[in-house]
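Listed below are the residues making up each chain.
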Amino acid sequence: MRTAMANRLTPYMFMAPAAIIMAIALMYPLGYMVWGSFRDWNPSQTIGEAEFVGLKNYIFLWNDPNFHESLGVTLRFAFFVVTIEMIIGVGLALLLDREIRGISVLRTMFILPMMIAPVVVGLMWRYMYHPTVGTFNRFLDSIGLPRVDWLGDYALTSVIIADIWQWTPFIFILSLAALQSLPRSALEAARIDGATGWQQIIHIKLPLMMPVLIVTALLRLIDAFKVLEVILVMTEGGPGLSTEILALRISRTATEFRELGVAAAMSNYLLILLLLLTVGMFAFNRWQEARAARLNALVEEES
Amino acid sequence: MFKGLKTTAVGLTTAAIMAGAAYANPYEEYAGTTLIVNFPAHPHYNAAMKVLPEFTKETGIEVEVDQLPYLKMRERQTLELAQDEGEYDLISYVVFSKADYVFADQLENLAKYFMNPKLADPNYDAGDLIDGYVENIGVAGGFKGYLPGPTGSLFGIPFGSETSVLAYRKDIFEKHGIPTPETYDQLLDAACKIPEVEPGMGGMASRAASGHQASHAFLLHLAPLGGRVFDDAWNPIINNAAGVEAANALKTIVDCGPEGAMSFGPSEAANAFATGQAAMFMDSIAFMPGFEDPERSQVVGKVGYAMHPEGVRRGSQTGGFGIGIPKNAENKEAAFLLMQWLTSKKGDLMVAMEGGNPSRFSTYQDAGLNEKYPFAATFGEALKFADPDWRPIIPVWGKINADIGTTMSKVLTEDLDIQEALDGVAERTRAVMDDAGYYTWQ
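Chains X and C are the protein sequences, given in the same order.
Read in this note's numbering, the first sequence has 198 at position 198, and its numbers run on one by one without any break.
Read in this note's numbering, the second sequence has 1316 at position 316, and its numbers run on one by one without any break.
Just so you know, these hints were derived from the structure itself, not from any lab.
It cannot be assumed that every hint is accurate.
[Stated by the list, open to error] Selected chain C positions facing chain X (Cβ under 7 Å, derived; list incomplete): (1) Glu1028; (2) Pro1043; (3) Thr1151; (4) Gly1398.
[To be verified] Which stretches of chain C does chain X cover? Using the computed rule of at least three CB atoms under 8 Å from a CB of chain X, they are: (5) 1074-1083; (6) 1408-1418.
Here the structure is a predicted model, which means the values were calculated and not measured.
Backbone N, C-alpha and C define an ideal beta-carbon position, used for all residues, glycine too.
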């Protein structure tokens, strides 16, 4: 009896030190942020010196039109970058999933943008969007079209394009890995049954890749909600608040406005939003995994 | 009132001569000390770093510089100054940090150093420091809490400070018979006439990007046009007739400016002028030497410099950096010696000759400096009108500044009604001030 109990506890005992360390390392800063969000806290004070104000910071944000505008910008930015990057990234992976000469060089080239530091990406795109000497307007000049105020009238579109350029490779590389790990027998069986390339993509490849694609989209989504440097360098959040995503507003609130409590409350709103999205996507992922498992079993039965 | 403060400092330093005379070398006691200083990545401080070896040679005090981009510097200082024992002995602070640091009791009051006969140089001549700079950057606790007054004290010395002047294309103005703008009417007329007579060239390049840049650009016009952000009782008056006129002036300038002007920061605006895309540029003197540098400018020799034009009054900006001693510094006295040396007549001139911004009237009058930098005379003249109250340096300014900047950016890009937009700013500003306790005594 005692041995059975010890056997059951042993794994937990081994895991306990790591679990405790992880819990402290993860939860302490999070708890600090949550605690700070209930205080009228500025950078010159320790958290203990700051006055406790209850839900004041949360209520302030709830009624703050600038916060709502930043939240709207963030949602629009995240929706467009993730959707477009997924379409292009997965499309490229499907296109390049073949054994031809030089394909590895091509794949390496595609992933170069994500290796560049965000500040450099911001600077690079800022200069390419320059109204007079920038690449895009020079091109428009050369074909006789009017110049565009990229970082003025089309600022959000312009930062979305820069993000797509940098992070589509991330989707591409994970999609390609997922594609190459698909059971070849399933694709073989489909081919023998006369399925066209398009039918293979729609009915075999995409459903089997779906669990990986969902996690990939989730990772990009989380990242898109937190993007900061590229937008800071390109537009500083303007014109007006048109590109001021939440991460930028949080940073400004903490450093420029010196309101750490409000910044912490804003971070917590963002955290809650991301948690809800994550839970939703994981639920969808479980459903997709079950569907993929059923499909796998069916394919194996048929082959 | 500040004259009184300066006179007191001069008197104290003079009184210090007697006791100081007992020491052959005031630096001897501190020789071998290593000071750690925090400077921004800025042309003035790059110039200052070139003269630091001379200080070490003269005093035996070593100096290690931690140089950071200025916003990063502020972040670092925010953390560093909150410690019991700090890493820095001397810091440079950007002007709007003055209120935060003094309010949090993180900077040394300099009176006790100027009272110390062992430390205070009798030849320092504090009266020669540019008044507008000292009032804006060095003094806190007086009138409005950030200007000189009976309750004010000195917490820093201007070092790397700036005012605004107008740079204009002499050749273009002469070609079209446009007078050098001395008034705002002339400035705005010229700004919109240039694109008509010189197709493809904007009138004036200005900051206009959302946030701090648009706010800075608006305030640059507000003071000379007779406006203020607050009246003396802290009522926001940014939305009065002068405020509307200043916003209209900025809108006119941007509308008649070079392409893409709405997203310009100071570097883009300066670059537009330096590459011939705009005929005028009105901003900090820190940008002006670049227009005479053939490596950075395509308009060398074609640029004239004039004072910031007059509206209902003259009122050029004051800003930039000062140096102060953190409360938690380890080597405060040696840090004061370095601060004093750098801002002395000799130090100020040495730094200016290396391309820094002078903080003393006498430096601007130096023949050598005027020979090397022909625009120095205009800068010196402009400093007589440097306005320390063009921008309120109060602890909640960051938030108000961001709101003004965002609203101005919307005025420029979304054609908001200016009066309505400024009324909104005034209302939100009042709420911020109320929350910070400014109306407690009303």
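- prompt: Holds or violated: is there a CB of chain X closer than 7 Å to the CB of C/Gly1398?
  reply: holds, 4 Å
query: Given C/Pro1043 was flagged as interface, is its beta-carbon under 7 Å from a beta-carbon of chain X?
result: violated, 20 Å
- prompt: If you look at each residue in the region 1074-1083 of chain C, do at least three have a Cβ nearer than 8 Å to any Cβ of chain X?
  reply: Result for this restraint: holds, n = 6.
- prompt: Regarding the hint that C/Glu1028 lies at the interface with chain X, is the smallest CB-CB distance below 7 Å?
  reply: violated, 37 Å
query: Within the assertion that chain X covers the region 1408-1418 of chain C, do at least three residues meet a Cβ-to-Cβ distance smaller than 8 Å?
result: Satisfied; 5 residues make the cut.
query: Should the interface hint for C/Thr1151 be scored as holding, given a Cβ-Cβ cut-off of 7 Å against chain X?
result: violated, 21 Å
Comparing the model with each earlier hint shows violations of hints 1, 2, 3; every other hint is respected.
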